[in-house]
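> Sequence:
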Amino acid sequence: MHTTEQTPRIVVIKLLTVVGFLATIGLIGWVAAQLVALAPSAFTSLANLAQTLSDEDPRNELSLTLSDPIVANGEVITATWNNLHRKGAYTFAYECADGVSLALFIDAAPYVLECDTPHTLPSDARVVDLALNSEKKRFADVHLAFSFQDAEDDAIYEQEASVTIINSSIPSNPPIDLTLQMPDPATIVPPPDPLIAGAEDSIDAVNDEGIFPVPSEFLYDLSLTYLGSGDFDNGVFSAQTQLSHSDLPALQVGVRNVGIETSLPFELIIINPDGSTVSAGTFQALRANEQETTVVSLRTPSTPGSYTLGAQVLMDDEVNTTNNSFTRVVSVVE
1176 MHTTEQTPRI VVIKLLTVVG FLATIGLIGW VAAQLVALAP SAFTSLANLA
1226 QTLSDEDPRN ELSLTLSDPI VANGEVITAT WNNLHRKGAY TFAYECADGV
1276 SLALFIDAAP YVLECDTPHT LPSDARVVDL ALNSEKKRFA DVHLAFSFQD
1326 AEDDAIYEQE ASVTIINSSI PSNPPIDLTL QMPDPATIVP PPDPLIAGAE
1376 DSIDAVNDEG IFPVPSEFLY DLSLTYLGSG DFDNGVFSAQ TQLSHSDLPA
1426 LQVGVRNVGI ETSLPFELII INPDGSTVSA GTFQALRANE QETTVVSLRT
1476 PSTPGSYTLG AQVLMDDEVN TTNNSFTRVV SVVE
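Under this note's numbering, the residues of the sequence shown are numbered 1176 to 1509, in order.
These are calculated hints, taken from the structure and not from any lab test. Don't take each hint at face value.
Said to hold, decoys possible - Once the Cα atoms are required to be at most 20 Å apart in a straight line, the calculated EDC-like pairs of lysine to aspartate or glutamate come out as:
no., residue 1, residue 2
1, 1262, 1316
2, 1312, 1250
3, 1311, 1289
4, 1262, 1329
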(Lines of atoms letter the chains of each structure in order from A and count residues from 1; the text may use other names and numbers.)
(Lines give C-alpha, C1' and ligand atoms only; values in the text may rest on other atoms or scores of the structure.)
Protein backbone atom coordinates (compact mmCIF):
# COMPACT_ATOMS: atom_id res chain seq x y z
CA MET A 1 0.00 0.00 0.00
CA HIS A 2 2.90 2.36 0.78
CA THR A 3 4.70 1.54 -2.49
CA THR A 4 1.59 2.16 -4.54
CA GLU A 5 1.13 5.64 -2.98
CA GLN A 6 4.76 6.66 -3.69
CA THR A 7 4.84 5.70 -7.37
CA PRO A 8 3.03 8.77 -8.79
CA ARG A 9 5.19 11.05 -6.65
CA ILE A 10 8.38 9.46 -7.99
CA VAL A 11 7.13 9.83 -11.53
CA VAL A 12 6.43 13.52 -10.96
CA ILE A 13 9.87 14.07 -9.42
CA LYS A 14 11.57 12.36 -12.34
CA LEU A 15 9.54 14.40 -14.79
CA LEU A 16 10.46 17.65 -13.02
CA THR A 17 14.11 16.58 -12.99
CA VAL A 18 14.10 16.03 -16.74
CA VAL A 19 12.32 19.32 -17.35
CA GLY A 20 14.78 21.15 -15.09
CA PHE A 21 17.71 19.53 -16.84
CA LEU A 22 16.40 20.54 -20.25
CA ALA A 23 15.71 24.08 -19.01
CA THR A 24 19.26 24.31 -17.65
CA ILE A 25 20.66 23.14 -20.99
CA GLY A 26 18.53 25.71 -22.81
CA LEU A 27 19.63 28.50 -20.45
CA ILE A 28 23.28 27.58 -20.92
CA GLY A 29 22.82 27.57 -24.69
CA TRP A 30 21.10 30.97 -24.61
CA VAL A 31 23.87 32.48 -22.47
CA ALA A 32 26.50 31.02 -24.79
CA ALA A 33 24.74 32.49 -27.82
CA GLN A 34 24.63 35.91 -26.18
CA LEU A 35 28.33 35.72 -25.35
CA VAL A 36 29.17 34.74 -28.92
CA ALA A 37 27.09 37.65 -30.22
CA LEU A 38 28.74 40.12 -27.86
CA ALA A 39 32.29 38.84 -28.25
CA PRO A 40 33.04 40.30 -31.75
CA SER A 41 31.87 43.77 -30.81
CA ALA A 42 33.81 43.59 -27.59
CA PHE A 43 36.97 42.47 -29.36
CA THR A 44 36.35 45.08 -32.08
CA SER A 45 35.98 47.80 -29.47
CA LEU A 46 39.20 46.71 -27.83
CA ALA A 47 40.94 46.60 -31.21
CA ASN A 48 39.60 50.04 -32.14
CA LEU A 49 40.72 51.42 -28.81
CA ALA A 50 44.18 49.95 -29.30
CA GLN A 51 44.31 51.27 -32.87
CA THR A 52 43.17 54.73 -31.75
CA LEU A 53 45.81 54.84 -29.05
CA SER A 54 48.39 53.63 -31.56
CA ASP A 55 47.32 56.15 -34.23
CA GLU A 56 47.58 59.02 -31.80
CA ASP A 57 51.16 58.14 -30.88
CA PRO A 58 53.69 60.43 -32.61
CA ARG A 59 55.55 58.78 -35.48
CA ASN A 60 59.28 59.12 -36.00
CA GLU A 61 59.41 58.25 -39.69
CA LEU A 62 57.76 59.77 -42.76
CA SER A 63 56.60 57.14 -45.25
CA LEU A 64 56.07 58.09 -48.92
CA THR A 65 54.42 55.98 -51.64
CA LEU A 66 54.18 56.73 -55.38
CA SER A 67 51.59 55.07 -57.60
CA ASP A 68 54.14 54.63 -60.40
CA PRO A 69 57.87 55.48 -60.68
CA ILE A 70 57.60 55.74 -64.49
CA VAL A 71 55.09 58.04 -66.21
CA ALA A 72 54.33 59.07 -69.79
CA ASN A 73 54.73 62.74 -70.61
CA GLY A 74 51.75 64.75 -69.33
CA GLU A 75 50.23 61.92 -67.30
CA VAL A 76 49.44 61.99 -63.58
CA ILE A 77 50.79 59.94 -60.68
CA THR A 78 49.57 59.85 -57.06
CA ALA A 79 51.75 60.42 -54.00
CA THR A 80 50.60 59.40 -50.51
CA TRP A 81 52.27 59.74 -47.12
CA ASN A 82 51.51 58.88 -43.49
CA ASN A 83 50.30 61.06 -40.63
CA LEU A 84 53.07 61.76 -38.12
CA HIS A 85 50.56 62.94 -35.49
CA ARG A 86 52.73 65.91 -34.65
CA LYS A 87 52.22 69.65 -34.77
CA GLY A 88 54.04 71.10 -37.75
CA ALA A 89 53.95 71.60 -41.51
CA TYR A 90 54.26 69.24 -44.48
CA THR A 91 56.15 70.60 -47.51
CA PHE A 92 56.84 69.41 -51.05
CA ALA A 93 59.62 70.33 -53.49
CA TYR A 94 61.10 69.02 -56.71
CA GLU A 95 64.55 69.48 -58.17
CA CYS A 96 65.01 71.70 -61.21
CA ALA A 97 65.68 69.82 -64.46
CA ASP A 98 66.04 71.19 -67.97
CA GLY A 99 62.67 71.31 -69.72
CA VAL A 100 60.76 69.70 -66.83
CA SER A 101 57.59 71.22 -65.34
CA LEU A 102 55.23 69.96 -62.66
CA ALA A 103 51.67 70.71 -61.56
CA LEU A 104 50.27 69.54 -58.23
CA PHE A 105 46.58 68.71 -57.65
CA ILE A 106 44.95 68.59 -54.19
CA ASP A 107 41.26 67.58 -54.29
CA ALA A 108 41.30 68.40 -58.05
CA ALA A 109 42.54 71.95 -57.35
CA PRO A 110 45.66 72.66 -59.50
CA TYR A 111 48.85 74.34 -58.28
CA VAL A 112 51.71 75.19 -60.67
CA LEU A 113 54.92 74.96 -58.63
CA GLU A 114 58.40 76.40 -59.08
CA CYS A 115 61.31 73.99 -58.85
CA ASP A 116 63.84 73.97 -55.99
CA THR A 117 61.25 75.77 -53.83
CA PRO A 118 59.54 74.16 -50.79
CA HIS A 119 55.76 74.50 -50.95
CA THR A 120 53.65 74.09 -47.80
CA LEU A 121 50.85 71.53 -48.10
CA PRO A 122 47.48 71.64 -46.27
CA SER A 123 47.84 70.08 -42.83
CA ASP A 124 45.11 67.51 -43.51
CA ALA A 125 46.37 66.49 -46.96
CA ARG A 126 47.71 62.95 -47.26
CA VAL A 127 47.31 62.47 -51.01
CA VAL A 128 48.33 64.64 -53.99
CA ASP A 129 48.31 64.11 -57.75
CA LEU A 130 51.36 65.17 -59.76
CA ALA A 131 51.26 65.99 -63.49
CA LEU A 132 54.79 65.76 -64.95
CA ASN A 133 56.05 67.10 -68.28
CA SER A 134 59.37 66.93 -70.11
CA GLU A 135 59.75 69.30 -73.07
CA LYS A 136 63.35 68.68 -74.15
CA LYS A 137 64.34 65.11 -73.29
CA ARG A 138 62.83 61.75 -74.15
CA PHE A 139 63.81 60.44 -70.71
CA ALA A 140 63.90 62.85 -67.77
CA ASP A 141 64.36 62.01 -64.08
CA VAL A 142 62.55 64.19 -61.55
CA HIS A 143 63.64 64.09 -57.89
CA LEU A 144 60.82 64.71 -55.40
CA ALA A 145 61.09 65.54 -51.69
CA PHE A 146 58.32 65.44 -49.08
CA SER A 147 59.26 66.72 -45.62
CA PHE A 148 57.73 67.58 -42.26
CA GLN A 149 59.08 70.09 -39.73
CA ASP A 150 58.00 69.60 -36.14
CA ALA A 151 56.69 72.81 -34.61
CA GLU A 152 57.84 71.88 -31.11
CA ASP A 153 61.43 70.70 -31.52
CA ASP A 154 62.14 71.83 -35.14
CA ALA A 155 62.99 68.25 -36.09
CA ILE A 156 62.73 67.58 -39.83
CA TYR A 157 61.49 64.29 -41.27
CA GLU A 158 62.05 63.83 -45.01
CA GLN A 159 61.47 61.24 -47.70
CA GLU A 160 62.75 61.47 -51.28
CA ALA A 161 61.71 59.67 -54.45
CA SER A 162 62.45 59.78 -58.18
CA VAL A 163 60.11 59.60 -61.16
CA THR A 164 61.14 58.99 -64.77
CA ILE A 165 59.19 60.85 -67.48
CA ILE A 166 59.07 59.32 -70.96
CA ASN A 167 58.25 61.72 -73.80
CA SER A 168 57.70 59.40 -76.77
CA SER A 169 57.38 62.36 -79.17
CA ILE A 170 61.11 63.08 -78.79
CA PRO A 171 63.35 60.66 -80.76
CA SER A 172 65.77 58.50 -78.80
CA ASN A 173 68.70 59.46 -81.04
CA PRO A 174 68.08 62.89 -82.58
CA PRO A 175 69.80 63.40 -85.95
CA ILE A 176 73.16 65.11 -85.86
CA ASP A 177 73.97 67.71 -88.48
CA LEU A 178 77.48 66.88 -89.72
CA THR A 179 77.55 69.61 -92.36
CA LEU A 180 80.64 71.75 -91.99
CA GLN A 181 79.67 75.40 -92.16
CA MET A 182 82.44 77.42 -93.82
CA PRO A 183 82.37 81.19 -93.41
CA ASP A 184 82.27 83.46 -96.41
CA PRO A 185 85.87 84.48 -97.16
CA ALA A 186 84.74 88.06 -97.48
CA THR A 187 83.61 88.09 -93.85
CA ILE A 188 86.82 86.72 -92.35
CA VAL A 189 88.41 89.33 -90.10
CA PRO A 190 92.20 89.05 -89.95
CA PRO A 191 93.64 88.88 -86.46
CA PRO A 192 94.96 92.15 -85.06
CA ASP A 193 98.67 92.78 -85.01
CA PRO A 194 100.43 91.55 -81.89
CA LEU A 195 100.71 94.12 -79.18
CA ILE A 196 104.01 95.84 -79.08
CA ALA A 197 105.70 97.57 -76.23
CA GLY A 198 104.29 101.01 -75.63
CA ALA A 199 100.94 100.31 -77.30
CA GLU A 200 98.91 100.07 -74.08
CA ASP A 201 95.77 101.42 -75.76
CA SER A 202 95.59 98.61 -78.33
CA ILE A 203 93.25 96.45 -76.21
CA ASP A 204 90.74 99.27 -75.80
CA ALA A 205 90.87 99.94 -79.51
CA VAL A 206 90.07 96.32 -80.34
CA ASN A 207 87.07 96.29 -78.00
CA ASP A 208 85.76 99.62 -79.28
CA GLU A 209 85.69 98.35 -82.85
CA GLY A 210 83.21 95.62 -81.86
CA ILE A 211 85.19 92.61 -83.03
CA PHE A 212 83.19 90.54 -80.55
CA PRO A 213 79.55 91.43 -81.37
CA VAL A 214 76.63 89.95 -79.44
CA PRO A 215 75.31 86.88 -81.35
CA SER A 216 71.95 87.53 -82.96
CA GLU A 217 70.30 84.60 -81.13
CA PHE A 218 70.73 86.49 -77.86
CA LEU A 219 69.09 89.70 -79.08
CA TYR A 220 65.55 88.33 -78.85
CA ASP A 221 64.57 84.75 -78.19
CA LEU A 222 60.98 83.64 -77.60
CA SER A 223 60.40 80.70 -75.25
CA LEU A 224 57.02 78.91 -75.31
CA THR A 225 55.86 77.18 -72.10
CA TYR A 226 52.94 74.83 -71.44
CA LEU A 227 51.05 76.11 -68.36
CA GLY A 228 48.13 73.69 -68.33
CA SER A 229 45.03 72.36 -70.04
CA GLY A 230 41.48 72.30 -68.70
CA ASP A 231 38.26 74.21 -69.23
CA PHE A 232 37.43 77.89 -69.71
CA ASP A 233 34.13 78.89 -68.10
CA ASN A 234 32.81 82.43 -67.61
CA GLY A 235 36.20 83.92 -68.37
CA VAL A 236 38.02 81.76 -65.81
CA PHE A 237 40.55 79.06 -66.78
CA SER A 238 40.65 75.97 -64.57
CA ALA A 239 43.39 73.37 -65.10
CA GLN A 240 42.15 69.77 -65.19
CA THR A 241 43.76 66.34 -65.45
CA GLN A 242 41.32 65.47 -68.27
CA LEU A 243 39.60 67.38 -71.07
CA SER A 244 35.84 67.08 -71.35
CA HIS A 245 34.29 67.15 -74.81
CA SER A 246 31.03 68.50 -73.35
CA ASP A 247 32.73 71.44 -71.58
CA LEU A 248 34.80 74.26 -73.05
CA PRO A 249 38.29 72.71 -73.30
CA ALA A 250 41.16 75.19 -73.32
CA LEU A 251 44.95 75.46 -73.29
CA GLN A 252 47.00 77.97 -71.29
CA VAL A 253 50.47 78.89 -72.56
CA GLY A 254 53.14 81.45 -71.76
CA VAL A 255 55.47 83.16 -74.25
CA ARG A 256 58.52 84.88 -72.75
CA ASN A 257 61.24 86.92 -74.46
CA VAL A 258 64.40 85.50 -72.90
CA GLY A 259 66.63 87.66 -75.11
CA ILE A 260 68.12 91.07 -74.34
CA GLU A 261 66.24 93.16 -76.92
CA THR A 262 62.56 93.79 -77.66
CA SER A 263 61.22 91.08 -79.94
CA LEU A 264 59.22 91.37 -83.15
CA PRO A 265 55.46 90.63 -83.29
CA PHE A 266 54.83 86.87 -83.29
CA GLU A 267 52.11 84.37 -84.20
CA LEU A 268 50.84 81.53 -81.99
CA ILE A 269 49.86 78.25 -83.70
CA ILE A 270 47.71 75.65 -81.87
CA ILE A 271 47.59 71.92 -82.69
CA ASN A 272 44.21 70.70 -81.42
CA PRO A 273 43.61 67.21 -79.98
CA ASP A 274 41.36 66.48 -82.98
CA GLY A 275 44.37 66.96 -85.30
CA SER A 276 43.42 70.37 -86.70
CA THR A 277 45.87 73.27 -86.70
CA VAL A 278 44.70 76.85 -86.16
CA SER A 279 46.25 80.26 -85.55
CA ALA A 280 45.54 81.88 -82.20
CA GLY A 281 46.43 85.27 -83.69
CA THR A 282 49.33 87.69 -83.87
CA PHE A 283 50.68 89.16 -80.65
CA GLN A 284 52.55 92.38 -79.96
CA ALA A 285 56.31 92.49 -79.47
CA LEU A 286 57.66 91.60 -76.03
CA ARG A 287 60.32 93.50 -74.15
CA ALA A 288 63.28 91.62 -72.70
CA ASN A 289 62.10 89.13 -70.04
CA GLU A 290 58.46 90.09 -70.62
CA GLN A 291 55.90 87.26 -70.73
CA GLU A 292 52.56 86.99 -72.54
CA THR A 293 50.12 84.51 -70.94
CA THR A 294 47.08 83.51 -72.97
CA VAL A 295 44.27 80.95 -72.94
CA VAL A 296 43.15 79.38 -76.22
CA SER A 297 40.05 77.22 -76.77
CA LEU A 298 40.65 73.68 -78.06
CA ARG A 299 38.83 71.38 -80.45
CA THR A 300 38.52 67.87 -79.05
CA PRO A 301 37.39 64.60 -80.69
CA SER A 302 33.97 63.24 -79.74
CA THR A 303 35.47 59.82 -79.00
CA PRO A 304 37.09 59.48 -75.54
CA GLY A 305 40.76 58.50 -75.49
CA SER A 306 44.33 59.82 -75.41
CA TYR A 307 45.26 62.51 -77.92
CA THR A 308 48.13 64.90 -78.60
CA LEU A 309 47.90 68.68 -78.42
CA GLY A 310 50.65 71.19 -79.08
CA ALA A 311 51.61 74.77 -79.78
CA GLN A 312 54.27 76.69 -81.70
CA VAL A 313 55.32 80.32 -81.75
CA LEU A 314 56.54 81.90 -85.01
CA MET A 315 58.60 85.08 -85.32
CA ASP A 316 60.60 86.44 -88.25
CA ASP A 317 64.40 86.39 -88.07
CA GLU A 318 64.53 84.29 -84.88
CA VAL A 319 67.69 82.19 -84.75
CA ASN A 320 67.01 79.91 -81.77
CA THR A 321 63.81 77.91 -82.37
CA THR A 322 64.50 74.95 -80.06
CA ASN A 323 62.24 76.41 -77.36
CA ASN A 324 59.42 77.56 -79.65
CA SER A 325 57.09 74.53 -79.47
CA PHE A 326 55.81 71.69 -77.31
CA THR A 327 53.42 68.71 -77.44
CA ARG A 328 51.39 67.03 -74.71
CA VAL A 329 49.39 63.81 -74.46
CA VAL A 330 45.99 64.51 -72.90
CA SER A 331 43.01 62.37 -71.95
CA VAL A 332 39.64 63.33 -73.47
CA VAL A 333 36.39 62.22 -71.82
CA GLU A 334 32.76 62.80 -72.72
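> Would you mind marking each hint as holding or not holding in the structure?
Verification of the supplied hints:
Between residue 1262 and residue 1316 the alpha-carbon distance is near 33 Å, which puts this suggested pair outside the 20 Å criterion. Taking the CA atoms of residue 1312 and residue 1250, the gap is about 16 Å. The hint holds against a cut of 20 Å. Distance restraint check for residue 1311 and residue 1289: the Cα-Cα separation of roughly 18 Å lies within the 20 Å cut-off, and the hinted pair is therefore satisfied. Straight-line distance between C-alpha atoms of residue 1262 and residue 1329 comes to about 10 Å, which keeps the hinted pair within the 20 Å bound.
In summary, the structure is inconsistent with hint 1 from the numbered list given earlier, while agreeing with all the others.
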